[in-house]
Amino acid sequence: MFTQTADQDLLEATTADYLRVTWTPARIRELSRLDSPFDPALWRRGVDLGWTALLVPADSGGGSVSGNGLADLLAVAYQFGRHAAPGPLIGTNVVAAALARWGTKEQHGGPLAELLDGAATAAWGYAPRTGPRSGNGLRAVSSDDGVALTGTVPLVETGTASGYLLLAAADAQGLRSHYLVPRDAPGVRTSPLRGIDLTRRYQSVTLQDATVSAAARVGEPGSADDHDELLLDLTAVLQAAEIVGTMERAFTTTLQWTHDRYSFGRPLGSYQEIKHRMADLRTQLEASAAVTAKAARHVGEGSPDARLWASTAKAYAGQVGPELIQDCVQLHGGIGVTFEHDLHIYLRRATVNAQLFGTPAAFTDRLVSLTETALGGGK
Amino acid sequence: MFTQTADQDLLEATTADYLRVTWTPARIRELSRLDSPFDPALWRRGVDLGWTALLVPADSGGGSVSGNGLADLLAVAYQFGRHAAPGPLIGTNVVAAALARWGTKEQHGGPLAELLDGAATAAWGYAPRTGPRSGNGLRAVSSDDGVALTGTVPLVETGTASGYLLLAAADAQGLRSHYLVPRDAPGVRTSPLRGIDLTRRYQSVTLQDATVSAAARVGEPGSADDHDELLLDLTAVLQAAEIVGTMERAFTTTLQWTHDRYSFGRPLGSYQEIKHRMADLRTQLEASAAVTAKAARHVGEGSPDARLWASTAKAYAGQVGPELIQDCVQLHGGIGVTFEHDLHIYLRRATVNAQLFGTPAAFTDRLVSLTETALGGGK
Amino acid sequence: MIDVDEFATRARGWLAENLPPADPTRDTFFLHAATHPTDEEVLARAATCRELQRRLFDGGFAGICVPPEYGGQGLTPAHQAAFNREIRGYDYPAEIQASTFIPCMAVLLEFGTEEQKLRHIPRMLRGEEIWVQLLSEPGGGSDAAGAVTTATRDGENWVLNGSKVWTTSGWWGDWALCLARTNWDVEKHRGLTVFSVPMSAPGLEIRQVELVNGSKDFCQEFLTDVVVPDTDRIGDVDAGWGVMTRWLYHERTISGGSPYVTGGGNRPNAGPYDIGSLIEAARAFGTLDDSRTRALLGEAQTNVLVLRALVEAVTRKMAGGALPYHAAAMTRLFGGTSNARRAAIATELYGEAGVVWSPDEETAAQVGLGYLTRQAACIGGGTTEMARNVISERLLGMPREQRADTVAFRDVPRGPQAGGSGA
Amino acid sequence: MIDVDEFATRARGWLAENLPPADPTRDTFFLHAATHPTDEEVLARAATCRELQRRLFDGGFAGICVPPEYGGQGLTPAHQAAFNREIRGYDYPAEIQASTFIPCMAVLLEFGTEEQKLRHIPRMLRGEEIWVQLLSEPGGGSDAAGAVTTATRDGENWVLNGSKVWTTSGWWGDWALCLARTNWDVEKHRGLTVFSVPMSAPGLEIRQVELVNGSKDFCQEFLTDVVVPDTDRIGDVDAGWGVMTRWLYHERTISGGSPYVTGGGNRPNAGPYDIGSLIEAARAFGTLDDSRTRALLGEAQTNVLVLRALVEAVTRKMAGGALPYHAAAMTRLFGGTSNARRAAIATELYGEAGVVWSPDEETAAQVGLGYLTRQAACIGGGTTEMARNVISERLLGMPREQRADTVAFRDVPRGPQAGGSGA
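Just so you know, the sequences run in chain order A, B, C and D.
Everything in the first sequence is counted per my numbering, starting at 4 for the first residue and increasing by one.
Everything in the second sequence is counted per my numbering, starting at 4 for the first residue and increasing by one.
Everything in the third sequence is counted per my numbering, starting at 14 for the first residue and increasing by one.
Everything in the fourth sequence is counted per my numbering, starting at 14 for the first residue and increasing by one.
Just so you know, these hints were derived from the structure itself, not from any lab.
These figures come from a predicted structure and were not determined experimentally.
Only true hints are included.
If you want the ones that stay clear, here's a sample from chain C, every Cβ over 10 Å from chain D, calculated: (1) 141; (2) 213; (3) 222.
FRET-style restraints, in silico, Cβ to Cβ: (4) C:261 x D:420: 37 to 47 Å; (5) B:307 x D:354: 35 to 45 Å; (6) A:225 x D:299: 26 to 36 Å; (7) D:299 x B:307: 28 to 38 Å.
Among the chain C residues that face chain B by a calculated CB cut under 8 Å, a handful are: (8) 289; (9) 292; (10) 310; (11) 322; (12) 323; (13) 327; (14) 330; (15) 335; (16) 347.
Using N, Cα and C, we set each Cβ at its ideal position, and we do this for glycine too.
Turn these sequences into a full structure, and let the hints guide you.
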């Protein structure tokens with residue numbers, strides 16, 4: 004779906020091969036019945052393909068195949084969408100990127116190395132400032148013992164039991180900083196959440212004087228506001244890439260269906276109204292892929308327009324992605340709303356990606372703010 | 004388009020006959036070149052058909068043909084939409100209704116009688132509270148000479164040169180009251196506006212110590228806020244009825260076009276995508292007519308749900324009406340954007356009705372507020 | 014005949030004495046439920062429905078418009094409408110109105126023999142027979158007349174083979190109307206016949222179909238040499254399409270206008286999409302005064318109110334002859350698309366909360382799962398695409414689609430997946 | 014060959030010396046102007062364009078990718094692209110890029126005889142010949158191959174009769190490419206021929222067509238016994254569809270990718286729909302912080318940015334072979350619908366102010382009139398419906414529509430309004 008280098012093609016192909024065999028739709032339906040579908044061994048084998056290394060520079064143990072790690076990771080995330088594969092791909096990569104950019108040497112040697120070799124996964128505990136999932140925010144109190152974190156994080160994705168959470172907490176002066184918190188740190192309590200994705204699981208996190216060492220801080224004191232914005236850009240691009248994958252899979256499935264299915268003695272695809280809808284959907288798919296690829300290039304290169312394009316990609320793909328798949332459901336008729344059909348696994352993944360870590364509406368608003376600023380009249 | 008009584012059918016038929024002969028599309032295009040298309044003689048002949056009497060009780064010189072004058076007027080407004088006929092139909096009727104309900108005996112004998120016999124027309128100087136056309140509001144200062152009005156009214160429709168304006172002004176205590184102001188009163192200055200309707204013309208009005216007698220007040224002191232809401236209901240229903248008329252005309256024209264026009268050797272209407280669009284448009288037309296008729300019944304009867312239905316009618320018809328006509332333009336191809344074709348006449352009228360006296364968005368918000376109140380949690 | 018007001022008064026008194034109040038927390042409608050009843054709970058509810066129906070029968074309120082010779086009250090639609098107003102707020106056997114009374118009883122009344130009517134209708138009215146529809150087929154889609162389930166004559170019996178799907182309540186129903194092909198050598202509409210079949214018939218296997226939201230109320234049936242006596246044939250041989258036309262008509266009256274159902278019919282309640290529920294959610298999220306939120310709330314409620322006005326207007330115009338019968342397709346189209354749009358609006362309003370929720374957030378769960386099945390509103394009971402065909406061809410008189418199925422049915426192209434589940 | 018950077022440097026210097034700056038207040042594009050130039054003003058501007066084009070020619074910057082034997086510079090598309098970057102901010106003969114250079118000069122380069130090329134192309138490059146397209150017909154709609162304007166052979170001449178419409182700049186053009194039917198007895202694509210015709214030819218009458226927004230730039234032509242020598246035929250007799258295919262291809266390059274235009278092509282500027290203009294309006298209305306307003310602003314800008322990304326991606330993929338040529342229909346579809354949507358968004362943002370305005374509110378007037386012609390974005394240059402046909406049939410390989418025009422053209426049904434204006 005993307006124009007990319009031969010090395011990127013290879014990365015995508017090996018990922019696609021692995022996911023296709025490992026995460027068949029039937030297997031995903033089975034896993035949906037389990038409490039804890041995460042499989043450490045399978046995750047490690049994926050990590051061996053390079054899944055967590057791309058946003059980390061070579062001197063920190065990672066490596067890009069093209070010089071733009073986010074553009075590389077685009078194809079991996081796209082394939083995750085096409086297979087509705089469990090992760091936690093995005094969170095682990097985003098936290099790895101944060102550690103690589105702003106982490107200490109100790110953090111590189113410890114947690115980051117674990118993410119890079121698949122021993123651990125990570126989640127970014129982002130909470131929107133407003134709306135239904137706005138968290139209370141964490142407070143950080145420093146003492147000789149370290150930093151004690153208290154508060155709730157509305158939602159993090161699950162992964163390895165002993166993985167990491169990247170959480171922002173405000174000190175007494177209101178300065179927000181990021182901390183890397185082990186999931187199994189004392190004072191960290193998680194509660195399972197439910198949701199529409201079949202294999203991705205989420206938890207809410209409550210911290211009560213969860214104490215980490217002062218060395219757990221990631222980045223300069225007070226840098227979390229700025230850093231959150233960059234992590235949001237990375238997350239948005241990767242979510243958009245997954246959405247494009249779900250769109251492609253649903254579209255392709257449906258195109259085949261219009262070929263095979265006959266209605267009133269004619270293939271479904273011979274009806275002009277169906278043809279025109281498919282043309283609209285194909286165009287939306289191409290447009291989603293185009294804006295997402297462009298966003299990956301800009302964000303990966305750290306260009307001045309990076310934030311604008313990341314916001315546009317998430318706003319657009321997040322809006323049209325789930326709607327495209329719903330139209331595919333409609334074109335399938337009743338079978339499209341049955342559990343045994345595959346369409347819904349892509350619809351679920353697309354919708355979760357669209358709504359979490361900033362809704363399309365939130366990114367649309369962000370885009371306007373960025374434009375205001377660029378025009379010189381912004382707030 | 005509406006289910007109505009035989010008397011209402013007759014009123015509609017005589018109106019339709021008169022408008023069809025008088026306001027041909029060709030004539031409307033000619034009038035668009037004139038500065039002042041209002042024709043007092045033609046207006047009087049229309050008034051003779053009953054156009055301004057329906058919202059006025061018989062004992063004030065008016066009369067309904069069914070007991071629900073607004074339901075009667077619905078069909079007249081609908082035909083005005085179908086012919087994109089100039090008025091000022093809505094403003095004159097709304098002011099007549101205001102005078103009939105809240106006016107003094109003197110106002111009934113004078114101005115109202117002029118509206119009823121067609122000697123004068125009237126306009127309601129409504130200004131939304133927010134948005135691009137929010138006026139500064141008028142201030143009223145009482146003295147022995149009467150009441151001096153100062154301020155601007157963003158927009159009123161033109162009509163007879165010596166007609167009336169119904170304007171709300173606030174006194175020193177902030178109480179808003181309505182006043183009936185002759186257009187040619189001293190201190191009243193008008194400036195012509197331009198717009199997209201070909202025959203309806205609008206002016207902005209500036210009053211500088213425009214003095215009217217205390218007897219020019221319409222209704223109790225401080226009643227304008229409440230009364231404005233009712234006038235808004237009446238206006239909304241009549242605008243929606245005109246919009247339904249424009250929709251019907253554009254739809255019917257286009258249905259014929261899909262029959263007559265051949266593309267690739269087949270009638271346009273044999274293409275399934277075109278058929279499905281026409282089905283959507285037909286449904287929107289029926290839905291618009293249905294909700295408008297229901298609103299007319301409720302508002303005409305003064306039922307508790309009147310405001311809810313009036314808001315819904317304007318919100319819905321105002322949203323889908325212009326869009327329906329745009330789709331008709333699309334189905335016509337290039338000829339649909341030429342001045343010599345008729346479609347744009349209806350598009351102009353529908354769009355003006357949709358946007359003036361409260362946008363569809365404003366009525367949607369009003370609907371939510373009314374619903375909140377009805378549910379007991381409103382503000 | 015008892016006058017309507019008097020009848021309503023009598024009903025009011027009887028209901029207060031005899032029917033339990035409705036439980037507003039119980040959502041009987043699969044589309045909105047986030048959690049689904051166990052099979053045992055479904056069967057218990059079915060038993061309650063039978064018992065409630067029996068009470069109605071004993072009280073003289075079952076089959077209000079059904080002739081007395083079949084156990085009904087012989088009254089008018091006005092009486093039924095009055096009763097439906099009175100019964101609001103009471104628990105009533107909502108789950109068996111459709112499909113037992115419409116379309117099944119309605120079809121029997123029109124096409125059944127005297128013996129068939131005497132045999133089944135009183136039992137339906139007493140809650141003893143719950144009927145379901147063996148109509149759709151896995152390969153059929155929108156084309157009801159394209160049924161390939163086949164009935165072959167064998168002396169005084171017919172032998173049925175094939176598969177049916179989308180049978181609501183199939184696994185706990187007693188009897189079914191079943192559409193089958195009895196002649197493959199004529200044009201498709203002319204080779205169909207309708208039968209009544211006991212759901213317990215040997216050779217009839219029933220499998221529950223799980224939907225995306227966890228509901229298991231729909232079933233698929235596999236018929237293998239199911240023997241049906243000719244006396245259970247409904248209507249003439251090969252005249253099934255005439256029966257079907259009315260069958261489908263009665264099915265569509267579920268959205269209003271049927272004289273044969275008690276209460277409002279099985280119309281889904283508004284659930285999480287009810288404007289009160291949406292406003293409450295927005296208030297809880299702190300977004301109620303946000304103008305974008307209000308635009309969405311207003312759009313949702315506009316959809317509801319316009320649909321109500323449209324149904325009333327079209328019903329009135331059809332009754333008065335101002336619109337032909339096919340105009341009902343407009344209400345189906347508007348109902349379907351506006352319902353789907355409301356599900357999208359709810360998802361937008363809920364944002365993060367509508368895709369991941371804590372176990373106690375029942376309404377959020379309904380929004381999340383409801384979004385996944387939202388297209389059911391545009392599929393079930395005839396797709397919105399079919400409605401658009403009907404509107405354009407029948408109401409607007411636009412040219413009919415080119416057809417490839419006017420030859421003998423056996424020669425109609427059915428594509429690579431014909432007869433399969435298509436999945 | 015001069016290297017691109019060096020060429021750019023030379024251009025930069027020359028432009029500063031020789032071209033006047035662009036006047037940002039002048040909107041040359043009819044779709045957004047609220048007031049329209051008089052005929053005299055149009056002719057004056059045309060004269061300016063001719064003069065500017067002549068300067069470019071004299072400076073060695075006309076026909077950058079055109080072979081030197083026809084007056085061009087014989088350089089590469091990269092040189093043209095570099096020049097197009099340098100010329101930003103200068104006034105240049107934007108109004109004659111299309112249709113003189115694309116499609117007309119491009120078609121001549123591909124299909125013209127050596128004599129035709131030598132005769133016309135240098136004159137085009139010197140601003141002496143402005144070319145227009147006699148292509149669409151009043152009864153034709155989307156079907157370019159359905160032309161009924163007829164050319165009949167008469168010795169060494171052809172005699173043309175018929176009518177053409179939607180000729181941009183028709184009334185002030187010098188020459189035209191004209192598509193005509195030369196054979197009614199074969200399938201429609203096989204009986205067409207292309208001619209070059211002087212717009213001053215006897216028998217060619219030109220009428221300006223007024224659009225809804227007051228623009229009069231389009232023309233309709235009536236051809237009555239217009240005599241064209243056979244030496245002005247472009248391509249073989251009855252081989253016109255092959256020419257047309259490329260003609261239409263070059264026409265579509267107006268949205269990017271043509272090596273033959275100076276500047277950005279005649280792409281409309283954003284006018285009142287530019288995000289800066291919309292934000293400024295919202296600020297003036299006091300609605301900029303309103304979340305609904307921001308959702309609309311964001312949607313408008315998302316449309317613009319996604320279109321930009323889509324055009325780039327499709328162009329890149331087509332160049333690399335990852336997408337076939339027909340994929341360009343996706344950019345046409347997205348461009349049309351997103352443009353129309355932006356007009357609707359502007360109307361919604363302006364509300365009351367977008368339908369009635371005071372004489373000094375120029376931008377409001379542009380919004381109001383722009384809304385009336387917004388569908389032009391989905392009609393002109395091939396409708397969005399045709400784009401959907403191309404995408405579904407050519408890109409997705411879905412079954413072709415049933416056609417009734419594959420017989421001899423004279424037998425193709427053309428309906429009750431055939432040949433008429435259809436209004």
